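Chemist: Make a model of the complete structure from these sequences and hints.
Respectively, the protein sequence lines represent chains A and B.
Using this note's numbering, the letters of the first sequence map in sequence onto residues 1 to 118.
Using this note's numbering, the letters of the second sequence map in sequence onto residues 1 to 113.
Each hint should be verified, as a subset may be incorrect.
[To be verified] Taking lysine-lysine pairs in the DSBU-like style, the calculated list, with each CA pair at most 35 Å apart, reads:
#1 B:42 / A:20
#2 A:55 / B:42
#3 B:71 / B:22
#4 A:41 / B:57
#5 A:55 / A:20
#6 A:41 / B:71
#7 B:71 / B:37
[To be verified] Going by beta-carbon spacing under 10 Å, a handful of chain A positions derived as facing chain B:
#8 6
#9 14
#10 36
The set of hints was computed from the structure by calculation and includes no laboratory data.
All values derive from a computational prediction rather than experimental measurement.
Cβ atoms here follow ideal geometry from the backbone N, Cα and C, with glycine treated the same way.
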Amino acid sequence: GAVVSQHPSRVICKSGTSVKIECRSLDFQATTMFWYRQFPKQSLMLMATSNEGSKATYEQGVEKDKFLINHASLTLSTLTVTSAHPEDSSFYICSAREPGQGSTDTQYFGPGTRLTVL
Amino acid sequence: GENVEQHPSTLSVQEGDSAVIKCTYSDSASNYFPWYKQELGKRPQLIIDIRSNVGEKKDQRIAVTLNKTAKHFSLHITETQPEDSAVYFCAASTPGSSYKLIFGSGTRLLVRP
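Modeler: This is the structure we're talking about:
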C-alpha cells in the first residue's frame, strides 16, 4: 500500500509557541490529505480536509486561525498549531487519499505526531 | 452530516473464538466503509473495506458484511489470536464529501491466550 510519513513524531513545546507538523505522501501524489486529532482512548476526530492548491475545509468547531493548514504540493501538507496551549496536547494524525480509477476512497495514515504543550 | 456509532466499546474473547464488532451509520448516501486496526501509539492500518454495491467481503480470517437497508455493517474475525488485540475503528464515507471518513468510537479487542 501507499506510504505516508509524518514529522516530527514527538514534540514538546512551551505554551504560546507554534508547532508545525509535516505530512508527506512518499510514493504517490495526494490531491487530498486529511488531518485528525486523537485524544487518549478516543476515536479519530477529523479536523480538516486539505486540498492541493486551495484552502482547507475545516470541520465544525475547529478554529482555522489556530490550526493553519497548507497543502502547497501534491506530496506535502503541513499543520501549524499556533499559540499552543496545554489543551492542544494530543496525537495528530494525517492521512492521504491515493488516487485511483474512478472514485477511490482509500486513505493511508501517517504514523502520527504526539504534541505535548507544557 | 454522517454519524457512525460502534459497539461494543470493549470486547474480550478467548483465543480461537470469533469476534464481531458492529457499526451503524446515519447517511444513506454513504458508500464506502473501511475498518482500521490501531495498536497503541501507532497509526491506524486498513484491514478491510467494503463498498455499497457489495454485501459481504472476506479476507482470510476477516470478513465484513453490509446491510444497506438497515444502515449497518459488521466486522467478523474468526479464529482470533493474541496479536489481534488492538483497537478497531469502523468508518463511513459519503460521495461528494471529498472522500472524508467519519469514524466510529472504536472497539478495544482483547484476545486472551
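Chemist: Against the earlier hints, flag every one the structure doesn't satisfy and list their numbers going up.
Modeler: 9
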